[in-house]
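Student: Letter by letter, the chains look like this.
Protein chains: 2
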Amino acid sequence: MLMKNIALLFFLLALVNVYSQSDTEALRVDKERINENLTKLSTFGRDSSGHSYRVAFSDEDVAARGFVLQLMKDAGLETRIDYAGNIIGRRDGKDSKSKPIIFGSHIDMVPDGGDYDGCVGVMGAIEVIKTLDERNVVTNHPLEVILFANEEGGVIGSSAIAGHLNTDLLGEKNITGITMGEGIRKIGGNPDRIGEVAREKGSMLAFLELHIEQGAILENEQIDIGIVEGIVGIEWWDVTITGSANHAGTTPMNMRKDAMLAAAKFTIAVNEVINSVEGRQVGTVGRIKAEPGAPNVIPGKVVLSLEIRDLSKEKIRQLFEMIQERAEQIEAETGTEIAFEHLSTDSYPALTDKLIKSTIASVASDLGYSHKEMPSGAGHDAQEMAVIGPVGMIFIPSKGGISHSPEEYSSPEDIARGANVLLHTILELDQKGL
Amino acid sequence: MLMKNIALLFFLLALVNVYSQSDTEALRVDKERINENLTKLSTFGRDSSGHSYRVAFSDEDVAARGFVLQLMKDAGLETRIDYAGNIIGRRDGKDSKSKPIIFGSHIDMVPDGGDYDGCVGVMGAIEVIKTLDERNVVTNHPLEVILFANEEGGVIGSSAIAGHLNTDLLGEKNITGITMGEGIRKIGGNPDRIGEVAREKGSMLAFLELHIEQGAILENEQIDIGIVEGIVGIEWWDVTITGSANHAGTTPMNMRKDAMLAAAKFTIAVNEVINSVEGRQVGTVGRIKAEPGAPNVIPGKVVLSLEIRDLSKEKIRQLFEMIQERAEQIEAETGTEIAFEHLSTDSYPALTDKLIKSTIASVASDLGYSHKEMPSGAGHDAQEMAVIGPVGMIFIPSKGGISHSPEEYSSPEDIARGANVLLHTILELDQKGL
Numbered sequence: 001m002l003m004k005n006i007a008l009l010f011f012l013l014a015l016v017n018v019y020s021q022s023d024t025e026a027l028r029v030d031k032e033r034i035n036e037n038l039t040k041l042s043t044f045g046r047d048s049s050g051h052s053y054r055v056a057f058s059d060e061d062v063a064a065r066g067f068v069l070q071l072m073k074d075a076g077l078e079t080r081i082d083y084a085g086n087i088i089g090r091r092d093g094k095d096s097k098s099k100p101i102i103f104g105s106h107i108d109m110v111p112d113g114g115d116y117d118g119c120v121g122v123m124g125a126i127e128v129i130k131t132l133d134e135r136n137v138v139t140n141h142p143l144e145v146i147l148f149a150n151e152e153g154g155v156i157g158s159s160a161i162a163g164h165l166n167t168d169l170l171g172e173k174n175i176t177g178i179t180m181g182e183g184i185r186k187i188g189g190n191p192d193r194i195g196e197v198a199r200e201k202g203s204m205l206a207f208l209e210l211h212i213e214q215g216a217i218l219e220n221e222q223i224d225i226g227i228v229e230g231i232v233g234i235e236w237w238d239v240t241i242t243g244s245a246n247h248a249g250t251t252p253m254n255m256r257k258d259a260m261l262a263a264a265k266f267t268i269a270v271n272e273v274i275n276s277v278e279g280r281q282v283g284t285v286g287r288i289k290a291e292p293g294a295p296n297v298i299p300g301k302v303v304l305s306l307e308i309r310d311l312s313k314e315k316i317r318q319l320f321e322m323i324q325e326r327a328e329q330i331e332a333e334t335g336t337e338i339a340f341e342h343l344s345t346d347s348y349p350a351l352t353d354k355l356i357k358s359t360i361a362s363v364a365s366d367l368g369y370s371h372k373e374m375p376s377g378a379g380h381d382a383q384e385m386a387v388i389g390p391v392g393m394i395f396i397p398s399k400g401g402i403s404h405s406p407e408e409y410s411s412p413e414d415i416a417r418g419a420n421v422l423l424h425t426i427l428e429l430d431q432k433g434l
Numbered sequence: 001m002l003m004k005n006i007a008l009l010f011f012l013l014a015l016v017n018v019y020s021q022s023d024t025e026a027l028r029v030d031k032e033r034i035n036e037n038l039t040k041l042s043t044f045g046r047d048s049s050g051h052s053y054r055v056a057f058s059d060e061d062v063a064a065r066g067f068v069l070q071l072m073k074d075a076g077l078e079t080r081i082d083y084a085g086n087i088i089g090r091r092d093g094k095d096s097k098s099k100p101i102i103f104g105s106h107i108d109m110v111p112d113g114g115d116y117d118g119c120v121g122v123m124g125a126i127e128v129i130k131t132l133d134e135r136n137v138v139t140n141h142p143l144e145v146i147l148f149a150n151e152e153g154g155v156i157g158s159s160a161i162a163g164h165l166n167t168d169l170l171g172e173k174n175i176t177g178i179t180m181g182e183g184i185r186k187i188g189g190n191p192d193r194i195g196e197v198a199r200e201k202g203s204m205l206a207f208l209e210l211h212i213e214q215g216a217i218l219e220n221e222q223i224d225i226g227i228v229e230g231i232v233g234i235e236w237w238d239v240t241i242t243g244s245a246n247h248a249g250t251t252p253m254n255m256r257k258d259a260m261l262a263a264a265k266f267t268i269a270v271n272e273v274i275n276s277v278e279g280r281q282v283g284t285v286g287r288i289k290a291e292p293g294a295p296n297v298i299p300g301k302v303v304l305s306l307e308i309r310d311l312s313k314e315k316i317r318q319l320f321e322m323i324q325e326r327a328e329q330i331e332a333e334t335g336t337e338i339a340f341e342h343l344s345t346d347s348y349p350a351l352t353d354k355l356i357k358s359t360i361a362s363v364a365s366d367l368g369y370s371h372k373e374m375p376s377g378a379g380h381d382a383q384e385m386a387v388i389g390p391v392g393m394i395f396i397p398s399k400g401g402i403s404h405s406p407e408e409y410s411s412p413e414d415i416a417r418g419a420n421v422l423l424h425t426i427l428e429l430d431q432k433g434l
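Respectively, the protein sequence lines represent chains W and V. Residue numbers for the first sequence follow our numbering, beginning at 1 and rising by one. Residue numbers for the second sequence follow our numbering, beginning at 1 and rising by one.
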């Protein structure tokens with residue numbers, strides 16, 4: 001009888017799983033499983049030539065969301081779809097009234113995109129839950145996994161949660177040919193009530209996002225984990241350079257008002273200004289159109305794009321002012337006029353939480369992974385979530401720094417390392433709070 | 001009876017018009033008439049908004065050619081259309097076996113072109129004949145006025161006369177939607193027999209073309225007459241710059257292989273190389289395409305056009321070699337590759353005849369017109385005619401240097417001055433030979 005009771009006690013102890021420090025320290029995600037799930041997810045929306053078009057609101061997006069929803073249920077999550085079309089899976093904590101720890105990312109992609117951007121974060125989040133579930137680890141705080149709707153088309157799902165979705169966007173058609181509102185309805189949301197998904201500031205303990213770097217810094221420096229310092233703000237301008245279109249044969253070099261020459265000087269000035277200041281700001285001229293655009297006509301007009309990204313809005317402003325000064329010199333040198341039109345990107349810098357950063361760093365060190373702090377040059381759902389509470393981001397290496405391309409790749413080992421860091425950061429924050 | 005005979009003698013003398021130096025010195029074209037004819041010609045192909053689309057082989061081109069043919073007949077010319085569609089008007093000389101003096105230009109235009117390019121030369125040529133006719137001046141040499149077919153679409157009529165028409169062009173559709181061959185048939189030629197219009201080298205005494213400058217040198221320097229030293233050769237290259245397309249947010253400045261930055265450096269290098277050497281050569285980057293062409297992607301590929309024009313083929317070659325050297329430096333600086341593809345333009349430099357140039361100069365001085373020598377940066381029918389004999393070109397000022405545009409303008413005074421120089425150059429060459 002005593003033996004029987006002792007056996008029952010052990011059984012009950014195992015069942016309740018009052019986990020100890022040493023128990024959770026040994027916890028690791030299942031590398032095979034997470035990578036298998038990523039591979040399965042990658043089949044949704046891939047065409048016969050190996051290119052993927054799982055754009056938000058497409059039939060392929062809907063099918064892939066169904067696959068992920070099932071994975072969430074299989075991991076024991078209580079799932080629902082909010083009015084914005086976000087798929088939310090909740091796992092209760094010991095204190096179900098306490099603030100949740102939220103983590104997740106997105107699975108929609110740019111046309112001809114890759115299989116890792118966003119997907120690693122979603123599969124990583126589900127793998128964390130699955131790992132906790134298998135080992136019967138119950139956290140103090142509730143956990144929430146979110147698959148955000150339409151990240152690539154303007155962080156729609158996360159900005160709805162952050163409470164500042166630009167509702168003008170709901171009437172705009174996306175690349176699938178339906179409006180954002182119709183798309184949200186198609187994936188189970190309700191655009192008429194989308195305002196209701198906004199969450200209060202301070203309503204979460206933390207938000208964490210595991211993501212591929214989309215740059216080549218980690219790979220080049222052979223570092224396992226990037227700890228994101230913040231997500232850069234993005235500002236765009238259309239720059240119109242007006243010269244004088246003229247016959248390329250009959251107009252002597254010293255009588256030209258060549259908008260193309262001015263555009264060349266401007267492009268170099270942008271590069272020089274961005275490089276002239278300490279820091280990791282970037283500036284890009286990515287689009288250019290010259291008119292009339294014939295080999296035998298001096299261009300009278302060039303329109304090009306200017307993009308500046310940095311963690312500081314103030315620094316972006318200073319860099320832009322330096323570029324404006326250089327533009328004035330170029331106007332004088334070339335006899336052209338240079339006009340700037342600021343375009344709204346709804347993208348502002350978002351810094352990550354200091355304590356979350358240090359937690360990620362110590363977790364990575366404990367796991368034996370090298371790590372470094374770095375900005376995120378790309379926008380992410382975490383940028384929106386930062387509006388309502390502290391956020392952190394975990395980067396893993398991207399092969400060749402390639403992203404938004406079928407060539408996107410992160411190794412199974414790197415993916416597992418990232419998920420392990422996510423897992424233990426959640427457990428640390430759950431224990432220590434913020 | 002004596003009085004009657006004397007009167008008859010005077011009558012006969014007037015009829016035969018054995019013209020003396022002093023007779024012809026006083027000869028002037030009719031300024032009103034030439035400008036009225038130009039104005040009438042400009043109505044063919046003009047739409048209600050004032051834009052003109054008298055492209056070669058269009059119905060409007062056919063109608064305008066009919067108008068000019070009638071003017072030629074009214075001026076007493078014996079007219080015919082050759083197999084290339086050139087309209088040729090002949091006026092016999094005292095020595096009908098001697099080599100003709102040929103002069104003319106074209107009336108076809110680029111889409112949305114102007115009313116002076118080519119037309120001034122054709123109307124000027126007919127006005128010269130009309131003036132000689134009214135005053136019963138008979139030259140020693142036969143005179144030939146030619147309205148060349150399709151100048152803007154590749155100097156088709158004049159290159160056929162020069163005997164080196166690229167017959168591949170006959171199968172190519174022009175902007176009106178019909179092939180060059182069909183077009184030639186439409187205007188009265190015969191593409192099957194076009195080879196027969198080629199003339200022998202040395203078969204003409206001289207070819208003269210009156211034309212608008214299409215540049216702003218004469219206007220800026222307030223000079224009446226430009227004496228063309230030669231017509232520049234034109235060479236074209238497609239320049240392909242290959243870098244690496246990448247995320248504009250996640251790729252640090254020092255890890256970029258930015259094809260746009262390389263294109264900017266290249267455009268400036270072209271300008272610097274062209275300006276680094278004495279002379280009136282010109283170099284232009286007129287067309288540019290960046291891929292993928294989004295504000296948030298570093299361009300991986302830029303294709304741009306390079307055009308160099310000069311009177312010397314050798315100088316063009318040297319300039320291109322200098323540009324190639326600079327391109328190699330830019331490749332190293334930017335981590336890109338720059339490839340050149342030479343495109344055929346069938347355009348080679350053509351120098352004008354020294355004696356014709358000095359004749360134009362002395363004629364202009366005698367008429368009280370200021371003049372200067374200058375290259376022609378644009379191609380002309382005279383360039384083709386230079387293959388079969390000595391050529392000369394007379395330029396008049398273009399307002400604002402504008403050409404190939406509805407804004408094209410030369411004043412009635414300048415047009416009359418140009419026609420007077422053409423008239424007296426013909427008479428001088430007719431007297432003195434070459």
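Check before you lean on any hint, since a few could be wrong.
Computed spacing ranges between beta-carbons, pair by pair [as the list claims (entries may be wrong)]:
{"no.": "1", "chain 1": "V", "residue 1": "E341", "chain 2": "W", "residue 2": "E291", "range": "19 to 27 Å"}
{"no.": "2", "chain 1": "V", "residue 1": "E325", "chain 2": "W", "residue 2": "E291", "range": "29 to 37 Å"}
{"no.": "3", "chain 1": "V", "residue 1": "H164", "chain 2": "W", "residue 2": "E172", "range": "29 to 37 Å"}
{"no.": "4", "chain 1": "W", "residue 1": "N275", "chain 2": "V", "residue 2": "E341", "range": "50 to 58 Å"}
{"no.": "5", "chain 1": "V", "residue 1": "H342", "chain 2": "W", "residue 2": "L343", "range": "55 to 63 Å"}
{"no.": "6", "chain 1": "W", "residue 1": "E333", "chain 2": "V", "residue 2": "V137", "range": "37 to 45 Å"}
{"no.": "7", "chain 1": "W", "residue 1": "P292", "chain 2": "V", "residue 2": "F67", "range": "24 to 32 Å"}
Please keep in mind that the hints were generated in silico from the structure rather than gathered at the bench. C-beta: ideal position from N, C-alpha, C; glycine also.
Student: Run every hint past the structure and note whether it holds.
Tutor: Checked hints:
{"no.": "1", "hint": "V:E341 / W:E291: 19 to 27 Å", "result": "holds (23 Å)"}
{"no.": "2", "hint": "V:E325 / W:E291: 29 to 37 Å", "result": "holds (31 Å)"}
{"no.": "3", "hint": "V:H164 / W:E172: 29 to 37 Å", "result": "violated (57 Å)"}
{"no.": "4", "hint": "W:N275 / V:E341: 50 to 58 Å", "result": "violated (32 Å)"}
{"no.": "5", "hint": "V:H342 / W:L343: 55 to 63 Å", "result": "violated (39 Å)"}
{"no.": "6", "hint": "W:E333 / V:V137: 37 to 45 Å", "result": "violated (55 Å)"}
{"no.": "7", "hint": "W:P292 / V:F67: 24 to 32 Å", "result": "holds (30 Å)"}
Hints 3, 4, 5, 6 from the earlier list are contradicted by this structure; the remaining hints agree with it.
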